[in-house]
Amino acid sequence: MPRDNGMLVRFWGTRGSLPVARPALAIQGKIARALVAAGGRKFNDELEAHAWARSNLEFSTYGSYGGASSCVEIEGGKDCFLVCDMGSGLREFGIDAFRRYAEGHARVYHFFLSHLHWDHIMGFPFFGPAFDPGAKIYIHSGHADAEEALRRQQEEISFPVPFDWLKARFEFITHKPGEPFKVAGVTVTLASQHHSHDSYGYRFEKNGKAVIYSTDSEHKLDNMEDEAFFEAFFRDADLVIFDSMYSLGDTVSLKQDWGHSSNVVAVDLCHAAHAKRLALFHHEPTYSDRDIQRMHGETIRYEELVRADRPALEVLCAYDGLEVRI
Amino acid sequence: MSLSWRLTNAGDRLVGSPDGRVDETTWEAFSGHLTAAVRDAAAAGLPLVVDLTALDYMSSRGLRALTIARREAGEAVSITLAAPNDRMREILAISRYDKLFTITDSVGSAG
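Residue numbers (our numbering), protein chains in the order written: chain L, 1 to 326; chain C, 1001 to 1111.
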């Protein structure tokens, strides 16, 4: 738990629609760019090389946004893990949860599902703690068919281990949007979002701080009046995690009705809601690290262009491994 | 900041001129003016030029109002964006709206 009794958001998977792995050509490009940037510099050891690279190379060269699909942990719940979505990033989270068991962490999990599409639940069959008889796993959702979705992806035609072989104790809880409930000292509220088979955004509040998880949410052209609802849902949030998969131009043309939103709508909603920080999330799987970095830079610039007399909105770009203290 | 709108008939085209800023407080008025202008242009059989000279900037709601106007226009009315300031040019590029609309440097070269 964060020392200041606030919240800490940890991103385990940030990619939209499909996990991706960088091909060798992309890694080779990073190495080549790093060597050119180093300009013949000599390093005594790897530590010295890391230190120089961290300070001198672009994120897209030295780092990577990663390729796991949606999974975001919110530390701050009393004696439990709080996790949004079960994308492929859940596997790494599960491995880390075992490590934290050894430090005395309780074996209680609360999951909050945005929706049941494959990229948001595909990590569950590989979630080690589901096999732990000492674990208790609560699955919160706006969908009454959440259990069916998890059971179905473990049926024999898709996976060799059926759901009933799992050893943890499970409880599925369906919530109505707009009706706050308490989980381990955190107040949670759902909001209905526009997406195929519906999706739900979550507002997590604790000690006067608020984190929004809003992914797979299309803010459609023909109901812009409804955006006042999201401005209220995001109101004064300390962090808004937002589906910014496409450009605005794409969302009103080729990719209309694909259920996703854009970086510029993210900024505008956060401005209107007086949110403090925005994390761009659910990155397009065809984007390279350089594409995502460019999109991040453009979003920071757009925020400056339309800020007017508002306080600055900090624009982060989520990557696998990013931690944000609230 | 408020938004004003002026529509003029330049003979071979209608020119709609927003003045101010299009954001979450003014987009509905902007969209209403645009849609009405599209209908006027269709009735007159003329293209519509949106003169951005006096526009400070528009946020995503203004951009999406342009798309609504484009849909209203259909094949009947062409819509051209003219004379955006540097800030507006950047916004059009970041949003990729520069790939959806024809943008000209001046009102005179549009239409």
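Rather than coming from a laboratory, the hints here were simulated on the basis of the structure. Hints should not be assumed to be uniformly reliable.
[Claimed, not checked] To list a few chain C residues with every Cβ distance to chain L over 12 Å, as calculated: (1) Leu1007; (2) Thr1067; (3) Ala1076.
[Stated by the list, open to error] List of simulated lysine-lysine pairs, DSSO-like, C-alpha gap at most 30 Å: (4) C/Lys1099 to L/Lys255; (5) L/Lys206 to L/Lys78; (6) L/Lys220 to C/Lys1099; (7) L/Lys220 to L/Lys78; (8) L/Lys276 to L/Lys206; (9) L/Lys209 to L/Lys220.
Small disclaimer: the values here were computed from a predicted structure and weren't measured. Virtual Cβ for every residue (Gly too), placed ideally from N, Cα, C.
Against the structure, the hints come out as follows:
Every Cβ of chain L is farther than 12 Å from the Cβ of C/Leu1007; the closest lies at roughly 23 Å, confirming the non-interface assignment. For C/Thr1067, the non-interface assignment is contradicted: its Cβ lies about 5 Å from the closest Cβ of chain L, within the 12 Å cut-off. For C/Ala1076, the non-interface assignment is confirmed: its Cβ lies about 19 Å from the closest Cβ of chain L, beyond the 12 Å cut-off. For a cut-off of 30 Å, the pair hint linking C/Lys1099 to L/Lys255 stands: about 14 Å separates their Cα positions.
For the proposed pair L/Lys206 and L/Lys78, the alpha carbon gap of about 11 Å is at most 30 Å, so the pair holds. At roughly 19 Å between alpha-carbon atoms, L/Lys220 and C/Lys1099 fall within 30 Å of each other, so this suggested pair holds. Under the criterion of a C-alpha separation no larger than 30 Å, the hint pairing L/Lys220 with L/Lys78 is inconsistent with the structure, at around 37 Å. A threshold of 30 Å between alpha carbons decides the hint, and for L/Lys276 with L/Lys206 the separation of about 16 Å falls inside it, so the pair holds.
For the suggested pair L/Lys209 and L/Lys220, the alpha carbons sit about 29 Å apart, so the restraint of at most 30 Å is met.
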